[in-house]
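Colleague: The residues making up each chain are set out below.
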Amino acid sequence: MYLYNMTLQRATGCQSAVYGNFSGPKAQEIVVSRGSLLELLRPDENGKMQLVTSVFVFGEIRDMSAFRLTGGQRDYLCVGSDSGRFVVLEYVKEKNQFAPVHVETFGKSGCRRIVPGQYLAVDPKGRAAMIGACEKQKLVYVFNRDTAANLTISSPLEAHKSHTLVFCIIAMDCGFDNPIFAAIELDYMDADQDSTGEAAAEAQKHLTFYELDLGLNHVVRKYSEPVDNGANMLLTVPGGADGPSGVLVCAENFVIYKKEGHPDVRAVIPRRNDLPGDRGVLLIASTTSKVKSGFFFLVQSEYGDIYKVSLEYAAGRAEGETEVSELKIKYFDTLPPCSSICFLKTGFLFAGSEFGNHALYQFQGMGDHEDDVESSSLTLMETEEGFQPVFFDPRPLRNLALIDEIVSLAPFTDMKPVSFAGEETPVLVGTVGRGPRSSVRMLRQGVALTEMAVSDLPGNPEAVWTVRKFAADDFDAYIVVSFNNATLVLSIGETVEEVYDSGFLGTTPSMKVGQIGEDSLFQVYPAGLRHIRADRRVNEWKAPGRKQVQKVASNSRQVILALSGGEIVYFELDGISGQLVEAEKKELTGEISCMDVGPVPEGRQRAKFLAVGFYEQMVRVLSLDPDNCLSMLSVITTAAPPATLMQLDTAMGSSADDADASVGSLFLNIGLDNGVLLRTEVDRVTGQLSDTRMRMLGAKPPKLFPVTVRGRQAMLALSSRPWIGYSDAGRFIIAPLSYDQLDYASSFASDQCPEGIVGIADSKLRIVTIERLGEVFNQSSCKLRYTPRKFCVHAEGDTQRIVVVQSDHGCGSTAEALETRKVEKKAKAEGMDVDGEDEEEDEEEEAFTPEEQFGAPKASEGQWASCIQVVDMGSKTQPAEVLSTIELNRTGEDNEAALSTCTCSFVKFPGKSFVAVGTAKDLSFYPRSASGGAIYLFRLQADGELAQLHKTPIDEVPACMCAFQDKLLVGMGTTLRLYDLGKKKMLRKCELKGFPSFITTLNVCGDRIYVGDLQHSFQFVKYKASENSMYVFADDLTPRWITASLQLDYDTMAAADKFGNVSICRLPSEISDEVEEDPTGGKMVHSQGMLNGAPNKVEQVVQFHVGETVTSLCRAQMQPGGTESMLYATLMGSIGALLPFSSREDVDFFHHLEMHMRQENVPLCGRDHMAYRSAYFPVKDVIDGDLCEQYAMLSSELQRKIAEELDRTPSEILKKLEDLRAKIC
Amino acid sequence: MQASDRFNINSQLEHLQAKYVGTGHADLNRFEWAVNIHRDSYASYVGHHGMLSYFALAENESIGRVRYNLMQKMLLPCSLPPEKDED
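Residue numbers (the UniProt record's numbering), protein chains in the order written: chain A, 1 to 1225; chain B, 1 to 87.
If you are wondering where the hints come from, they were derived from the structure by calculation, not from laboratory data. Computed from a predicted structure; not experimentally measured. Cβ coordinates follow ideal geometry from the N, Cα and C atoms, glycine included. One thing to keep in mind: the hints can contain errors.
As the list claims (entries may be wrong) - So the derived list for chain A, only partly shown, Cβ under 7 Å to chain B, looks like this:
1. Q15
2. Y188
3. L282
4. S631
To be verified - Computed list of lysine to aspartate or glutamate pairs in DMTMM-like fashion (alpha-carbon distance at most 20 Å, straight line):
5. K542/A - E584/A
6. K73/B - E861/A
7. K84/B - D872/A
8. K19/B - E158/A
9. K161/A - E59/B
10. K84/B - E198/A
11. K84/B - D190/A
12. K73/B - E158/A
13. K73/B - D278/A
14. K292/A - D368/A
15. K19/B - D187/A
16. K19/B - D192/A
17. K84/B - D192/A
18. K858/A - E59/B
19. K783/A - D872/A
20. K73/B - D872/A
21. K921/A - D27/B
22. K73/B - E198/A
23. K161/A - D40/B
24. K222/A - D187/A
25. K108/A - E14/B
26. K73/B - E451/A
27. K73/B - E567/A
28. K73/B - D691/A
29. K586/A - E567/A
30. K73/B - E252/A
31. K108/A - D27/B
Whole structure, please, built from the sequences with the hints as guidance.
Modeller: Below is the structure:
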């Protein structure tokens, strides 16, 4: 089995983010690392974050830092990763790509203990950088520039210290003195030797300064002093002319100002009133604001509270004598906890959330409100129990206002494809997020269309066009709708209304209307052609005799009519008289089914080619040159009669806003009667056709229309669903649109909607626009209460619902608060009938519930909040909603956490489906223990309520369950147990004990059970109904911490583990047969087992390192008529697909392409691609499509080079890549 | 030290042990081995954002807190060392 790995939805979580001016001096930009994906984001003028570029680095990014050389204009990006290399990147605006400036190897690869990469700090003046490991090693690189002002770096200087753990490294700001790096260090040497534990108890963290002597090119350990043992983070205090220099040490509960030779200044971090006493407050993210009037820090605590930290210092004393007199920490606002927050100089705050959606906020205030809680070093009180804490209550946002939310799918906790009636592809249903911010997301394939307007039309329209009055206009003036006996003209203004003075003939159906020449319009109707001049003069051309116009092709200078009987009449605009002149006429053999002429290229008189489709299943390209007008240039035969044609230029340039991007190939798109779209390349000179690509679009013949997307020509294809075809980063992408079926469409440009589409469906006129081009899935969501753990799909009759089990550790129940608010809101809503004023305010509150903003209240360790919710999945137009909720632990006695669920049926109730939920009681970690558990059995009623049948106590943690032969199979701890339905509780039927560590997944097929273990991969179990016994007959040799499993066939299992690997293992067929044929089922043959396990071993078929923890595996066919592929969803919020190759030839081709790509396109962060994909197990039989697809981003020179080595042309390779992508999505 | 000494197996081992923390030796005891393994694991968890979020999700803590806890655990990953024999 060979698989092709392709990411469908790129990761959306945030590992870290840095602010900088990467593309130009004033550009406000943020680089976000999403684990192995590097993205550049930029807010547009409306404050919406726009993705500028995104690239897979095939490595684990661990830390990033932006810096610029003194006097430089742009920032460089320094990346610490698992490559064992020091990497400096720059953003190249022309190519819209990151490019490596320096990649210097210093050590081993991988996220190792002593290999630097974990911490990265760059001197604020851009003179040196320190890269450090968790332990021992630190390296310093000195930056310089050569005569051509290029960045150069020195060989590394060592600043190692053995037996020392490092918590944080920063660079101090000391103006133009020697650069100094500060680190929090902890020496464990003595603790390892001392068996009494004294040394460990006394172990002391130190703040150590490393000075880089630029003169001597040498790093010295300058100063080391004990620091609070809760220290975890350092902040650089501006120095030189901007401030007093030094560092702020963030420790649990405290912030301390430290500087060599300066007394410590300490202040407590205010804590929330409802925080349990045993919990500290740890700061996890920070950003510095340097404005002219001074500087301050914004720091965020682990609960999400943001504090403003500021220093009072006396400047202007004698040299080096500035002294900090006060340290103030003031409550600022509360946001969800972030992995990085970034201050933008234009007054915005970017918050990259740890989990859930990211956001951009605008500053409304600088935290100057008097009544906000503030703690100061001056009022710090020391009592016998320690320092006196300061308390506050979180409140709604005051200093920040939400501007834009960036949707994130991190973390996926579960995902399943669900098929809906009336939808061609399955909907991916995922549970996403954590705690109060979690949700169910319904992911529908396709780009979302936003409806701008919908209006009714009289009768059923057949076609619609938009027309400008003048060629130079930016916006359309008329919408023309054609019915089977009339034409309706609507003018576009403030409102859209019918007009009669446009000059168009209203009493006849239209074949085509448009703008032609500088200032005139034309209308083609069955009896002829009408040319309307700007001064309202009308020239008419009537079809001769009984002939009628059948088909039309036109652009801004040419009109071609096909008359019945196969005659073609060609009109061209006369440049001098401004008249449409009949230039040529020709009889063609065969009935014409469709025609198209491309737009007039800039600076030319006419388009060169006319494409004509015939019912005899062929398409001809005719020349429009005056020399050989209407002579045939080339022909292509098709598998079905062509229905529509369209010529489209593809752009090669990769930049979205790059106007002068080079023009790529010209493509002729052919929509066939059988729903297939053919794309074939047209030689610009000879008109020869070559290189045809095929794509199935749907059940109806696709109609093709030119539209504008991102300022470029694109193609809209309407089949049984709409598609959009556009060029992006050198590739032509055909993506489905998530919208109703349209019958006819045209591009639409107006003031409010510069790149819209006007379409007709039934008797409605719709104006829509594409908002987020490039997004693969269109999502709708439904909020949940706690972290979703698992869900199951319950289908009975036509209704499909999902049951989501949710639980949160160390968290108080939010049920009461939610319900009181609901009641209050209801009361308010009733009272509001009187005055409707509060409505808007109310809606604003709705956007963020207190729990979502502040997080659920923290409770002591080992306490759980948990619930079971039934969610109606809605439909395409209707969002999902929660139907009912069962809150566990309401009485506060049973401390239960719902962990698993499944639907099951029983012999006694044929055709009825039940919902089983497994809960653990008093579950706690380190080590995992529980005082028992329970299995709830519910019946889902028609109204969405869960009716409990009974609750069966068990003595272990039920992590997974699954229906098996009309019984319920439960994996609890190390025991596998089979239950049948009883009157008062579930009845034990059969049991198998002694699984290695903890059962996490269960799959069944026939009488086989595939048990996934927390550490030990799979055990294949056989159930013998006659003996009512279970036994393990095969297992895996490889250790695997299974998080998700998927059964592929009777002998084959796919598994994902928590380290980010996906693998497939298979029981060899001869062993499988043996087991099946043996009357004892392989039980007796080798009853003693092999290698401390089962008698048979499975073989590894496929190994692949995804790089992100996969939490769900499923299989789905994401394309009508496409191939079924394996999908995975990860904690970083990405969805990927593994597609099985169908031919050996393809495997060989992609194998070689991947090999060349590895050589020619070394990943950005310097990690070897093969090594990365083999991080835990050597990669086996998986070709990385994400790497192969970077082929399109290479320079054309490199593309040619690789293509030559493969004996192909670059366009053939691009076609292959496109074909493979088309199979999946 | 003579030039030839640099290449004998012992000095090479010593060099490795000095350079790479956790390189084993003949007298390594069970505790030291376990401590090394644990520290290596914790360092790997801290380096892999996916692992941190996995733990953070299970424990319902912030990722920053989980990272800090793991780093703290590196001090004494396997509780106290055993008492040393007199010899």
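Colleague: Taking the hints in turn, state whether each one holds.
Modeller: Now for the hints, and whether the structure bears them out:
1. Q15: holds, 4 Å
2. Y188: Holds, because the Cβ-Cβ distance from Y188/A to chain B comes to roughly 5 Å (cut-off 7 Å).
3. L282: Holds, about 5 Å.
4. S631: violated, 62 Å
5. K542/A - E584/A: Holds, at about 16 Å.
6. K73/B - E861/A: Since the Cα atoms of K73/B and E861/A sit roughly 18 Å apart, the hinted pair holds (cutoff 20 Å).
7. K84/B - D872/A: With Cα atoms ~64 Å apart, K84/B and D872/A exceed 20 Å; violated.
8. K19/B - E158/A: Roughly 13 Å separates the two Cα atoms, so the pair holds.
9. K161/A - E59/B: Outside the cut-off at roughly 33 Å; violated.
10. K84/B - E198/A: The given pair, whose Cα atoms are some 15 Å apart, holds under the 20 Å limit.
11. K84/B - D190/A: Since the Cα atoms of K84/B and D190/A sit roughly 14 Å apart, the hinted pair holds (cutoff 20 Å).
12. K73/B - E158/A: violated, 26 Å
13. K73/B - D278/A: Answer holds: K73/B to D278/A is near 18 Å, not above 20 Å.
14. K292/A - D368/A: holds, 17 Å
15. K19/B - D187/A: Given pair K19/B, D187/A holds - Cα atoms ~17 Å apart, limit 20 Å.
16. K19/B - D192/A: Since the Cα atoms of K19/B and D192/A sit roughly 19 Å apart, the hinted pair holds (cutoff 20 Å).
17. K84/B - D192/A: holds, 12 Å
18. K858/A - E59/B: Given pair K858/A, E59/B holds - Cα atoms ~12 Å apart, limit 20 Å.
19. K783/A - D872/A: Roughly 12 Å between the alpha carbons, so the hint for K783/A and D872/A holds.
20. K73/B - D872/A: violated, 44 Å
21. K921/A - D27/B: violated, 45 Å
22. K73/B - E198/A: Roughly 16 Å between the alpha carbons, so the hint for K73/B and E198/A holds.
23. K161/A - D40/B: holds, 17 Å
24. K222/A - D187/A: Between K222/A and D187/A the Cα gap is close to 17 Å, so the pair holds against 20 Å.
25. K108/A - E14/B: holds, 19 Å
26. K73/B - E451/A: The hint is violated at about 54 Å.
27. K73/B - E567/A: violated, 85 Å
28. K73/B - D691/A: violated, 60 Å
29. K586/A - E567/A: holds, 6 Å
30. K73/B - E252/A: Holds - the C-alpha atoms of E252/A and K73/B are around 16 Å apart, at most 20 Å.
31. K108/A - D27/B: The given pair, whose Cα atoms are some 26 Å apart, is violated under the 20 Å limit.
Checked against the numbered hints given earlier, the structure breaks hints 4, 7, 9, 12, 20, 21, 26, 27, 28, 31 and satisfies all the rest.
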